[in-house]
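Following our numbering, the numbering of the sequence shown begins with 952 at its first residue and continues without gaps.
Please note: incorrect hints may appear among the correct ones.
[Claimed, not checked] Simulated crosslink set (DSS-like; lysine-lysine; CA at most 30 Å straight-line):
id, residue 1, residue 2
1, 1076, 1025
2, 1061, 1305
3, 1025, 1085
4, 1116, 1253
5, 1062, 1007
6, 1336, 1254
7, 1116, 1076
8, 978, 1253
9, 1089, 1058
10, 1140, 1007
11, 1305, 1077
12, 1062, 1076
13, 1304, 1336
14, 1059, 1007
15, 1253, 1304
16, 1062, 1085
17, 1140, 1194
18, 1194, 1254
19, 1336, 1305
20, 1316, 1336
21, 1189, 1116
22, 1336, 1076
23, 1116, 1092
24, 1304, 1025
25, 1336, 1077
26, 1140, 1190
27, 1062, 1095
28, 1085, 1058
29, 1031, 1062
30, 1253, 1142
31, 1076, 1253
32, 1018, 1194
33, 1061, 1018
34, 1062, 1077
35, 1062, 1116
36, 1292, 1140
37, 1089, 1076
38, 1020, 1058
39, 1194, 1142
No wet-lab data here; the hints were simulated from the structure.
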Amino acid sequence: MSRFHPRDFLRQMIFYLFRIFPIQQNKIVFDNYFGRAYACNPKYITEALLAMDSSKSIDIVWTCLPKYKDTLAKGVRYVKYRSIRSYWELATAKVWVDNVRKRTYEKKRKKQFYIQTWHGAIGIKKSEGDAADKITPKFLKIAKYDSPQINLMISNSTFCTQFYKRAFWYHGPIAEFGYPRNDIFANPKQKISLQVRSFFNIDSSTSILLYAPTFRKTSALWDQLVLDLPRLLLNLEKKFNGKWVCLLRLHPWAVKHDANKPIFNSKIIDATHYPDIQELLLSAGVLVTDYSSCMFDYLIQKKPAFMYAPDIQNYVEERGLLMDPFTLPFTCATDNDELEKQVLEFDIENFIKKTELFFSENELKEDGFASQKTANLILNIIDNKPTSSNQTEVLE
């Protein structure tokens, strides 16, 4: 039996109280990963809406933690995540846009429209219903409550669409628009890479390695991974020439355990709190990760990527995998010696061929206009126009 939380009961009562107020037809409320940063698919949809709404007739609200307030774009209204005000905004908005589960006290009204973009597209690790025997009863309850509320999900591939249908307890429309956050790769802007370099004080002659491991449930990250980053940087210099630095970005759930580990210096830089990982992926010359779905976003650029998974047997038991990591476009190393060999023997032409075949098999749909398509759909909802005009992309 799940534990009763009086605060959640109080939140539910407050939320239901606000439902007596009329829905504001022009209001859209966004959230990214429980209020963590102005980023991911919701950010890029917001940017597209701001560009399209020249008359400023729509009210764009972001619920996020106070430390991210100043990262919001001009024209976006900030509301503190999980504040009483945030419940009022949700209860009276016409459209919700999120990339993570809603809490059980957040009850959508019949005339509201909830778009779920999720925070991972093509991915290697099991999640949701595929890992039902491994996730907590609390999360299972939240997931099964949330899915029936959703009006539309956004997908970037047949793989992603099938995942939603199979494992998400969801039976509604799925729009194969591509992932809004991946538009950045189809329409790269040099100023973004310059901003990243300026933020971390990295000069233009230095190449960037992004190391972005996912979280572990059972123990602290560094007890498991022991990736020799200085050795890896030396090998990158041998293979690709020039100077290299590493931006190390931890998963949000791992931060409280590992972010203060004293390993950072002028060549290994803490990028955990940089708000938008897509900007880091765009700026990096090489990516190393393990089971994170960011590897498949990064592959769109066809830049070198490597998988480092020394704990793969434990991880399979803990979480489970959907794919054999040794058959993917990038190599998979289980120790530092293997990783060194794979870096030094890297063949870019073979890598690109494998990447193109992989995306073809999984029917990737990334044309650089996912943000605009989703924004147009939202504007149609606000204007009470049909939302399924393109039947080749919106699947019932």
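Requested in this report: Hint by hint, work out which the structure violates, then give me just those numbers in ascending order.
Outcome: The structure breaks hints 1, 2, 3, 6, 8, 12, 13, 16, 19, 21, 22, 24, 25, 32, 33, 34, 36; every other hint is satisfied.
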